[in-house]
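Peer 1: As a plain string of letters, each chain reads:
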Amino acid sequence: MSLTGMKKHVGVLEQAGLVSTEKVGRVRTCKLGLRRLEEEAAWIERYRQLWDARFDELDKVVDELKRKEKTDGRKKRA
Amino acid sequence: MDARREREPTSVKNRTTVERKSERELVVTRTFNGPARIVFEAWTKPELLKRWWAPKSTGVSLLSCEADVRVGGRYRFVFGHDASKPMAFHGRYIEVTPYSRLVWTNDESDDGAVTTVTFEEKGEKTLLVMHELYPSKEALDGAIAGMEGGMGETFEQLDELLVALDANVGRS
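Quick mapping for you: the protein sequence lines, in order, are chains H and Z. The first sequence maps to residues 1 to 78 in my numbering. The second sequence maps to residues 79 to 250 in my numbering.
Excised from the complex, chain H in its bound form (with noise of 0.2 Å):
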């Protein structure tokens, strides 16, 4: 893409409200303009499937400790 057609597309998307930008010297610096809650709630929500993704790894965990457990638990009774 060639900075003319970069800079109208950063204009579209910054008219939009989607990113806001700054210059400073020759540089504009573009950051998504997203509002903050949407972008929290998606945040929270990648991080919710982070720790249900490991809880689905402890759940095998558990189960073969509790497995184990009762191997053990009948051993000793035996």
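Calculated directly from the structure, the hints in this document are not laboratory data. If a hint is listed, it holds; no wrong ones were tucked in.
With a Cα cut of at most 25 Å, we get these calculated BS3-like pairs of lysine-lysine:
{"hint": "1", "chain 1": "H", "residue 1": "68", "chain 2": "Z", "residue 2": "123"}
{"hint": "2", "chain 1": "Z", "residue 1": "123", "chain 2": "H", "residue 2": "66"}
{"hint": "3", "chain 1": "H", "residue 1": "68", "chain 2": "Z", "residue 2": "128"}
{"hint": "4", "chain 1": "Z", "residue 1": "203", "chain 2": "H", "residue 2": "60"}
{"hint": "5", "chain 1": "H", "residue 1": "68", "chain 2": "Z", "residue 2": "200"}
{"hint": "6", "chain 1": "H", "residue 1": "60", "chain 2": "H", "residue 2": "70"}
{"hint": "7", "chain 1": "H", "residue 1": "75", "chain 2": "H", "residue 2": "60"}
{"hint": "8", "chain 1": "Z", "residue 1": "200", "chain 2": "H", "residue 2": "66"}
{"hint": "9", "chain 1": "H", "residue 1": "66", "chain 2": "Z", "residue 2": "128"}
{"hint": "10", "chain 1": "H", "residue 1": "60", "chain 2": "Z", "residue 2": "200"}
{"hint": "11", "chain 1": "H", "residue 1": "7", "chain 2": "H", "residue 2": "23"}
{"hint": "12", "chain 1": "H", "residue 1": "31", "chain 2": "Z", "residue 2": "215"}
Please arrange chain Z on chain H, whose structure you already have, making use of the hints.
Peer 2: This is chain Z only, laid out in the frame that chain H set:
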């Protein structure tokens, strides 16, 4: 009990919830189908911790996992896509109450949270509540803004948007 399981007829998978309770607090909850003693063990023995802390689906692997779970003991988890760019998380355990409560600090920066995990046995299940308390609102906001992987996804969305806009501009 059966009504609760209706959504997942084939399994008894428990739901994970995450909520920002306040400007400085995040709370994660999950129920496990086992006694608190066993769930606690899985959080406090490094050889068990490493089996679940970095699930494959996250794309990040646990390069090393040390956890000396006793009051004042330290932990250090090193993550990475490969060994060349490792990311370490470390801190200290400040409270260890067998089968019911674990508290640790996150010492990577001054903005690290203090994490409290409680294990509450209910019948044959255990309700786990993980509470993360950040030192300030800014610290939690910062964690939310800068989480690994987050920006990558955001930029992908921006790419898609640019393509969509390009198509629109072309048409008009």
